[in-house]
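Just need the whole structure built from these sequences, with the hints factored in.
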Amino acid sequence: MQYNWNWAVLITEPYLGWIASGFGWTVAVSCAAWIIAFFLGSAIGVMRTTEIRALRIAGAVYVETFRNIPLLVQMFLWYFVLPEILPKSAGDWLKRDMPLPEYWTAVVCLGTYTAARVAEQVRAGINTIGRGQHFAALAIGLTPIQAYRNVLLPIGYRIIVPPLTSDFLGVFKNSSLALTIGVLELTAQTRQIGEYTFQGFESFTAATLIYLAVTFTVMAFMRRIETRTAIPGMISLGAK
Amino acid sequence: MIEIQNASKWYSAFRVLNDCTTRVAKGEVVVICGPSGSGKSTLIKCVNGLERIQRGSITVNGVSVGAPDTDLPKLRAGIGMVFQNFELFPHITVVQNINLGQIKVLGRSKDEATDRALALLRRVGLHEQADKYPAQLSGGQQQRVAIARALAMDPVAMLFDEPTSALDPEMINEVLDVMVGLAQDGMTMMVVTHEMGFAKKVANRIVFMDEGQIVEDTTKDEFFGTRRGERAQLFLSKILSH
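The listed protein sequences correspond, in order, to chains A and B.
Residue 85 is where the first sequence starts when you use our numbering, and the numbers rise one by one after that.
Residue 4 is where the second sequence starts when you use our numbering, and the numbers rise one by one after that.
Calculated from the structure, these hints are not laboratory results.
Careful: at least some of the hints might be erroneous.
[What the hints assert, rightly or not] Cross-link-like lysine to any residue pairs, in silico, SDA-like; alpha carbons within 20 Å at most:
id : chain 1 : residue 1 : chain 2 : residue 2
1  : A       : K257      : A       : V192
2  : B       : K113      : A       : Q230
3  : B       : K77       : A       : P228
4  : B       : K135      : A       : L170
5  : B       : K77       : A       : Y232
6  : B       : K48       : A       : R215
7  : B       : K29       : B       : K135
8  : B       : K223      : B       : G30
9  : B       : K204      : B       : Q187
10 : B       : K135      : B       : T117
11 : B       : K135      : A       : G317
12 : B       : K135      : A       : I315
13 : B       : K135      : A       : T313
14 : A       : K179      : A       : F164
15 : A       : K257      : A       : A272
16 : B       : K204      : B       : E233
17 : B       : K223      : B       : R26
18 : B       : K204      : B       : D220
19 : B       : K29       : B       : S67
20 : B       : K77       : A       : N234
21 : B       : K135      : A       : P238
22 : B       : K77       : A       : T227
23 : B       : K48       : A       : F219
24 : B       : K135      : A       : V192
See the structure below:
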């Protein structure tokens with residue numbers, strides 16, 4: 085195979101700028117999606133542990149819907165199908181009038197998809213704690229919401245830091261699918277560099293290294309959270 | 004103070020509580036004993052509504068526990084509860100455990116709550132452990148903190164659900180001592196326990212349960228005297244034989 089290696093292409097304008105911009109969009113999509121995933125997922129995970137049957141069912145329906153449809157299909161459903169089945173004005177707004185339609189569609193899609201995974205972690209975390217803690221929280225007069233806020237969730241989150249790390253990493257990797265609806269994130273930009281310069285090996289190597297750098301940073305950050313929130317005297321929770 | 008009238012409860016077809024009726028007067032200490040699976044723990048958890056009865060009624064200070072319009076968090080705040088497995092909140096310190104309800108439920112300031120917490124810790128002999136986390140304490144210490152946490156809410160009554168069953172033998176007495184002190188101070192107490200020594204020392208009445216029913220409900224003297232029934236006799240002979 086005849087291939088002319090040219091690493092310099094990566095630091096040549098405009099390609100360096102493309103990589104930087106792609107990296108920026110990847111981070112922007114992932115972080116916004118993670119915020120949605122974390123809060124929505126926590127709410128749904130809590131719903132699945134309450135005593136109220138209707139909430140439990142609603143939570144289960146959400147999780148089973150969003151985790152059982154391929155993410156790529158969800159991306160298309162949000163971007164191509166949803167605007168068509170809404171009333172015309174709402175559909176037009178989604179397609180055209182709202183700022184950055186591709187970006188926000190990707191964020192909502194990735195956020196709601198990941199929320200289903202976060203919900204399952206939160207549910208597992210709370211169920212691990214056991215009824216005794218829940219009873220103790222209620223027995224001192226906390227309302228059910230206060231019991232979740234002050235006791236069950238703070239303990240539950242500590243238990244699920246390691247699996248949450250995986251989901252957080254998943255958001256970064258899955259954000260590459262946003263290219264299919266036209267978000268020029270890292271994968272899209274590096275592919276474009278490959279097409280413009282025929283230096284696909286170099287550009288995808290750059291993408292690989294940047295994704296690795298991001299995920300290792302996330303892992304270090306989560307490890308830090310895990311250590312800092314570890315409960316003194318407890319071995320089963322927190323850092324090892 | 005606590006009135007239990009014909010309380011019944013089923014777990015699907017299994018009847019855990021069968022028409023239980025008893026009462027605890029203000030300042031009274033009532034010990035509930037009986038073989039495991041007899042419904043003691045379930046009964047005591049129904050008093051503050053952690054478990055629900057399906058038939059009958061329970062009132063605390065005139066407030067019906069099961070009524071739909073009852074403010075359960077408010078009712079529970081006024082009744083202290085101590086659990087078999089302590090159930091301290093592991094992610095916060097001892098003093099924060101005692102402060103949580105005071106601040107979130109009673110609306111006390113942090114300083115006010117801490118003063119009260121430290122005074123109670125002193126009372127149970129643990130004021131030096133205030134800033135430790137529960138997992139750094141022994142079982143007996145944790146249970147004493149749990150008692151302090153319940154007392155911090157200034158309860159009108161205290162419920163104890165087998166408070167010494169999960170403890171190593173050498174730690175049982177440090178918890179019982181605190182409970183005896185409470186009883187002697189006039190606290191209204193409902194105590195599920197097998198500690199017959201404790202019952203003999205401070206109980207006013209003994210309730211003996213078997214298979215979800217209250218079989219005996221007598222004064223302490225009658226219970227430990229000769230007038231107890233056959234089933235209670237059998238139970239006592241089993242737990243007192245060693």
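- Non-conforming hints, listed in increasing numerical order: Violated hints: 4, 7, 16, 24; rest satisfied.
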